[in-house]
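Participant: Next come the chains, spelled out residue by residue.
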Amino acid sequence: MILGRCLGSVARTLMCSILSWCVTAHSGAATAASISPDSEACIECHVTVTPGVVADWEKSRHARVSPQEAFQKPTLELRVSAEQVPERLAKTTVGCAECHTLDSEKHADHFEHQGYTIHLIVTPRDCSTCHPAEADQYSNNLMSHGYVNLVNNPLFQDLMESINGGRHFEEGRLTSSPSDALTQADSCLFCHGTRVEVKGKVMRETDMGPMEFPDLSGWPNQGVGRINPDGSQASCTSCHTRHQFAIEMARKPATCSECHKGPDVPASKVFEVSKHGNLYESMGGAWNFTTVPWTVGKDITGPTCATCHVSLLVNSEGTIIAPRTHQMNDRLPWRLFGLPYAHAHPKSPDTTVIKSASSLPLPTDLDGTPSSSFLIDAEEQSVRQRTLQGVCASCHATGWIQGHWDRFLHTIQTTNEMTLTTTRILFTAWDKGLARGPAQKESPFDESIEKKWVEQWLFYANSVRFSSAMCGADYGVFENGRWNLSKNTREMADWLEARMAREEKDKSTGKDKPPGKGKR
Amino acid sequence: MILGRCLGSVARTLMCSILSWCVTAHSGAATAASISPDSEACIECHVTVTPGVVADWEKSRHARVSPQEAFQKPTLELRVSAEQVPERLAKTTVGCAECHTLDSEKHADHFEHQGYTIHLIVTPRDCSTCHPAEADQYSNNLMSHGYVNLVNNPLFQDLMESINGGRHFEEGRLTSSPSDALTQADSCLFCHGTRVEVKGKVMRETDMGPMEFPDLSGWPNQGVGRINPDGSQASCTSCHTRHQFAIEMARKPATCSECHKGPDVPASKVFEVSKHGNLYESMGGAWNFTTVPWTVGKDITGPTCATCHVSLLVNSEGTIIAPRTHQMNDRLPWRLFGLPYAHAHPKSPDTTVIKSASSLPLPTDLDGTPSSSFLIDAEEQSVRQRTLQGVCASCHATGWIQGHWDRFLHTIQTTNEMTLTTTRILFTAWDKGLARGPAQKESPFDESIEKKWVEQWLFYANSVRFSSAMCGADYGVFENGRWNLSKNTREMADWLEARMAREEKDKSTGKDKPPGKGKR
Amino acid sequence: MILGRCLGSVARTLMCSILSWCVTAHSGAATAASISPDSEACIECHVTVTPGVVADWEKSRHARVSPQEAFQKPTLELRVSAEQVPERLAKTTVGCAECHTLDSEKHADHFEHQGYTIHLIVTPRDCSTCHPAEADQYSNNLMSHGYVNLVNNPLFQDLMESINGGRHFEEGRLTSSPSDALTQADSCLFCHGTRVEVKGKVMRETDMGPMEFPDLSGWPNQGVGRINPDGSQASCTSCHTRHQFAIEMARKPATCSECHKGPDVPASKVFEVSKHGNLYESMGGAWNFTTVPWTVGKDITGPTCATCHVSLLVNSEGTIIAPRTHQMNDRLPWRLFGLPYAHAHPKSPDTTVIKSASSLPLPTDLDGTPSSSFLIDAEEQSVRQRTLQGVCASCHATGWIQGHWDRFLHTIQTTNEMTLTTTRILFTAWDKGLARGPAQKESPFDESIEKKWVEQWLFYANSVRFSSAMCGADYGVFENGRWNLSKNTREMADWLEARMAREEKDKSTGKDKPPGKGKR
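Protein chains in written order, with our numbering: chain A, 1 to 520; chain B, 521 to 1040; chain C, 1041 to 1560.
FYI, nobody ran anything at the bench for these hints, they're computed from the structure.
There may be inaccurate statements among the hints.
[Unchecked claim] If you only want the chain A side, here are some residues facing chain B, beta carbon under 8 Å, derived: (1) 111; (2) 185; (3) 186; (4) 204; (5) 252; (6) 255; (7) 330; (8) 334.
[Unchecked claim] Taking lysine-lysine and the DSSO-like style, the derived pairs with C-alpha atoms no more than 27 Å apart in a straight line are: (9) C/1338 - B/579; (10) C/1338 - C/1099; (11) A/275 - B/795; (12) A/487 - A/452; (13) A/59 - A/91; (14) A/441 - A/355; (15) B/1007 - B/972; (16) A/432 - C/1545; (17) C/1146 - C/1241; (18) B/579 - B/818; (19) A/487 - C/1492; (20) A/505 - A/432; (21) B/719 - B/626; (22) C/1492 - B/1007; (23) B/961 - A/441; (24) C/1545 - B/952; (25) B/1027 - A/59; (26) B/1027 - C/1545; (27) C/1527 - B/961; (28) A/355 - A/73; (29) C/1492 - A/452; (30) A/505 - C/1547; (31) B/1007 - C/1527; (32) A/432 - B/961; (33) C/1527 - B/952; (34) B/972 - B/952; (35) B/795 - A/59; (36) B/867 - B/952; (37) A/441 - A/452; (38) B/961 - B/972; (39) A/487 - C/1099; (40) B/593 - B/818.
A quick note: this is a predicted structure, and the numbers were derived from the prediction, not measured.
Every residue gets a Cβ at the ideal spot worked out from N, C-alpha and C, and that includes glycine.
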């Protein structure tokens, strides 16, 4: 009997140990931090009203760890950059109330809700309570200025109009009408960010009966440069998806590809056909996307977007390979996205300040001249190049890196030349009155030949450069690249030649020129 | 000794428990149901002849559970909708013989095979033995009419011909020849479904020696609206892939993307760049795709196609968020796929009955007028909208949903307008004899300018609408969307202007018009 | 006490067994083989210098198994094809030194490095020490001749120039300049392979201070037909990615898609929308990609690229379904990639020997006539067809396979016809002097109309054929297929008609022809 009990006890103990090990391995470490009473009150209803939100949050780190606990991690393991937070926030987990009632009175979208003053849109200013370094770095990132840089640049506005404006065919003529806020929010501003404003209050039917909410314009939106009702700029949830805010998600390429897959910035498509993308796709299932810091070789055996551009990387001895940055261009000497030519990165994230030699709001003039005083200099480029190549060096020898870089710089040069060739064709068309551009006080983006020119730099030259930079050549030849660059150039030249020949003939036969455009 | 034996026993017991736990965890619950002798006879040969089929089936739920067991599940967990099946089918697993010998004599493709009368193609009528509600719902789904709606509509037939017909260049002229059954089956009908018919019998060499089989035309095919040799319509295996018929597969987006990735219905590409697609891609590895019902938040923290359009969803308390439906448009107020304009969903899944105002077999007339008497009314749209938005509400607040919906409805309107603009251009061309359309008793799809018009609605307007509906803006701007809508409109207007100018000049110089087309 | 100790011992033993089982399950079988002292010396520094490389290798099979152990596997499980290796290589794992110091003096890129003579680029000749059959088979694969077949074929060189050459617009004329080595390496040769040559020596800064390395041109590159500094041809690492060389990676489709995703060879995109691709995407997470041999049904329930084209496959009884081959066309009767028409596979992997009826270096003449004496005959096609269909038969009945094959052969024929139609249009243009081709000693690839012709066969006809072969119809209709074939044909015919009409008119009014081209 005694022996039996004893044996039973051994068995139970063992089984408990095993089960406990299994459970721990599955669910992550336990935590002592508890949810705040305010957040508990939120969840009481919202577990039924928006069950997906609550369940998602419950899987988050925010639901398990208090700021105080987060601060106590060894330096390299820190996921927070603040050193302390207000006492009332320190000891509970980071729940609904902690974020949605934080300084709500400073948010124009605040309202009374079941006895609480809350605001709808949690902003980078809110997040910076615990993550100030990240919010600050990101504010120096071009992306955080995605809205203002687009909307406050008259040339980009004109391009937007040429895409989003209405087109009508009436009495044999094509006419255009201005685009509207809903279309813009559904198009360019979906990724760039909208301006979210409070239009007033509105009553809405809910599962709990009618309730009053702020009525927002420009909402929903989670674009990178969103203007928020608290006056702040940018949206952390573009990449750190609500409400799990999982670091593994931000580190996976599908996050970046939400906005970087189209032919203008085809980073995702290039990654897919690169060796790096293949490693991720084929082997990434066994990688560890949650550890901080991220140990090259141990956690991952190939890079994702975040590896090269954002994350804190260390080697197996804990030596830092690259510090974390949310100003992605810290590691980028060149801006491949040509406007219209690839160029050294702008100094300021606010690119509306830039003026080219001919006073256009562009980082490079139409003839390719860089707007140098607004761009980082060669020395700064060199610093950023070294930082980026430090990541490459985790897995590549110096000769490999040098060979790759030489090829890449050469491609920047040759694709810029291919853009210049078509710009010269367009200049000739403008000069000869075969198309009407800025000199005629008209849009450089609305005529067919102008649209072909836009595709030359915005789609084809960009695509070739991304393919080169990220070693995904399959994309940059026939899919959307050198084949197209060359074909498009020839077609533009053919068009010019045919039009000039026609003009010549019309002149010799006394015909008038065809009517100008005055339309889109 | 005794102690030793005893201890050994404890150890063995423990190890067995652990192993058993591991095995169970790996392979799913054990079952008492056994395979029928008939199915065993099939497998005896086929484990060698088609090992992949047998092994795949062995991993299926069909191989583990008998109908009788399946019927005993609690209502919400039911995967069958019948209440009983014929006695002889009730107690064994659902094996080869259970489906392939079911009422075989009613299938024109039945034949004698190793002592059994079997039929090759298992049809929705067979599946409805256990799954009648699903078969019935699906018969009200447009997809189940994919073959008849395409093939019995003269206008769509004409479009098919313009794509699949042969083109020849002889004596300086482009001529066309009709498409053939093999080409159609390899093209449109691959997804829409073929008509599978028994041409006769044929002897074939097999591993078991020569055997006689039915000789089928239109085979192989697993298109959604396939006409089967038993006279039934549709194919369950389009989505429920043989022979594992795994619910996780039907719930994953790769299933839908087999037919919904091209530019005409780019749902898959839009999903890929949406936040939802990112959640699936980045976090879906940890989701549970096998549970019935599907618990939002617990099983999944983001939706797939099936979540929004098909599956039975509950919240963590077991309350139904949306009932299962295989008539997908139960949750769809609008048909985004414009023919040629987006419109309220057709009332009947048989769209060949529809006549537009000008008697075309189209849900919207060429000028955009909806063929309203054949389409659901605003009230029914409202019902379906509420059902769909109920799914959204699992994770989104009412303001978010309202804002999204306003934007989406606006995009339906503006893209329809962009289609109308190009239709007017084409009308003018037809009117002036610069192209030849229905009024001249010719195809509206075969000339270059007409093909540009088709791309306007079939590719670009559709793409923008799917991008809007599913929040994947990156696809709907530059990849295949507003940029193209606007560019294509301008190019069509330019073409018209140039042709009219040429006509004008030819007239003034006494030239004849160029010859009409009479060709593809 | 004794009992307690005894029980404790049982518990410890049990726990050890369990933990050991867990560890083994996680990390693969233990091995007795140890790393060589030379490789240890490499790692001593490189664990810091290139930590990713070392960590990746440590996860490899090469790091766990010695050649001697590898040779002892049962025949079907062998991953090596040599029967023995030099004694000094037999008993240690396959580490840095084993490959990078193997016959280094025969590699032009050898150099002195920390007391060792090593070479940078490990080549198929090195790999053939253990894998001679694979290296030999691959040398008979077209891919291994990717560089020479492209660069030594004057017609393909001309096509490359039309893509990669510079274009300039000066004094109103479009001119061209030759492409350069860096551009070619960044474009076509990225996948096809470069010629890697030693230019000299170079000093580079390293973490260990300045060091001398070979200075290579054409580097980095891992193209399939790379010319290596030891005179060998091809690169195993194109598919067997360094330094883990994981068989699961080579077996996954992302590996092939590095070079087979673009519109010229869109196998990856077709696979994505095929049932097979869906199976992989939806269910592949549970498949076993590491076992040798690969058991159909047990390890995988659907095929990847490697399944059909490369891998050793067995059924559950261990019977061989298909032997392993690295000469992929062993299972390919047809070459779908038309040059410019689909054709029976070339006999020799060196296609530079081929001459067409009109003496062009093409497997089919411009009028479609196959260069038959250089292509495999019908009997050999039949052998290869049976091998491939043997794989199909794992999961498909004979009637299915026959129906599929009939459809596929028909599509080869009809797409070849659609190519011929446009070739005839181009011939007419050349004949009438509306474009200038080979007869005028000019490129057939540089004019706009010629580029449309190239797209007809290189993009559209190829795409339709791949879609047919791999059952991914969604890709081959609207995405890049029959729609485009038909539209492009019509546009080419329209162009010809318009140009001829203009010529006719110019003639009648005494105008000269427009100037010839003499430009790209």
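Participant: All hints are to be evaluated individually against the structure, with a verdict given for each.
Facilitator: We went through each hint and held it up to the structure:
1. 111: violated, 11 Å
2. 185: holds, 6 Å
3. 186: Check passed: Cβ of residue 186 of chain A comes within 5 Å of chain B, closer than 8 Å.
4. 204: Holds. Min distance 5 Å.
5. 252: Holds: closest Cβ of chain B sits about 4 Å from residue 252 of chain A, inside 8 Å.
6. 255: Because about 6 Å separates residue 255 of chain A from the closest Cβ in chain B, which is inside the 8 Å limit, the hint holds.
7. 330: violated, 24 Å
8. 334: Nearest chain B Cβ about 21 Å off; hint violated.
9. C/1338 - B/579: holds, 9 Å
10. C/1338 - C/1099: holds, 25 Å
11. A/275 - B/795: Given that 27 Å is the threshold and the Cα spacing comes to 25 Å, the pair holds.
12. A/487 - A/452: Holds: residue 487 of chain A and residue 452 of chain A sit about 11 Å apart, inside 27 Å.
13. A/59 - A/91: It holds: about 19 Å lies between the C-alpha atoms, which stays within 27 Å.
14. A/441 - A/355: Holds, at about 18 Å.
15. B/1007 - B/972: Cα-Cα ~11 Å, so holds.
16. A/432 - C/1545: Measuring from Cα to Cα gives roughly 26 Å; hence the hint holds.
17. C/1146 - C/1241: Between residue 1146 of chain C and residue 1241 of chain C the Cα gap is close to 17 Å, so the pair holds against 27 Å.
18. B/579 - B/818: Satisfied, since the Cα-Cα distance of roughly 25 Å is no more than 27 Å.
19. A/487 - C/1492: holds, 9 Å
20. A/505 - A/432: holds, 15 Å
21. B/719 - B/626: holds, 16 Å
22. C/1492 - B/1007: It holds: about 20 Å lies between the C-alpha atoms, which stays within 27 Å.
23. B/961 - A/441: Violated, at roughly 46 Å.
24. C/1545 - B/952: Between residue 1545 of chain C and residue 952 of chain B the Cα gap is close to 22 Å, so the pair holds against 27 Å.
25. B/1027 - A/59: Since the Cα atoms of residue 1027 of chain B and residue 59 of chain A sit roughly 75 Å apart, the hinted pair is violated (cutoff 27 Å).
26. B/1027 - C/1545: holds, 14 Å
27. C/1527 - B/961: Answer holds: residue 1527 of chain C to residue 961 of chain B is near 21 Å, not above 27 Å.
28. A/355 - A/73: Violated, at about 46 Å.
29. C/1492 - A/452: holds, 16 Å
30. A/505 - C/1547: Measuring from Cα to Cα gives roughly 14 Å; hence the hint holds.
31. B/1007 - C/1527: holds, 18 Å
32. A/432 - B/961: Between residue 432 of chain A and residue 961 of chain B the Cα gap is close to 43 Å, so the pair fails against 27 Å, i.e. violated.
33. C/1527 - B/952: Holds: residue 1527 of chain C and residue 952 of chain B sit about 23 Å apart, inside 27 Å.
34. B/972 - B/952: holds, 18 Å
35. B/795 - A/59: Distance ~18 Å between residue 795 of chain B and residue 59 of chain A Cα, so the pair holds.
36. B/867 - B/952: violated, 37 Å
37. A/441 - A/452: Between residue 441 of chain A and residue 452 of chain A the Cα gap is close to 20 Å, so the pair holds against 27 Å.
38. B/961 - B/972: holds, 20 Å
39. A/487 - C/1099: violated, 46 Å
40. B/593 - B/818: Answer holds: residue 593 of chain B to residue 818 of chain B is near 21 Å, not above 27 Å.
In this structure, the earlier hints numbered 1, 7, 8, 23, 25, 28, 32, 36, 39 are contradicted, and the remaining ones agree with it.
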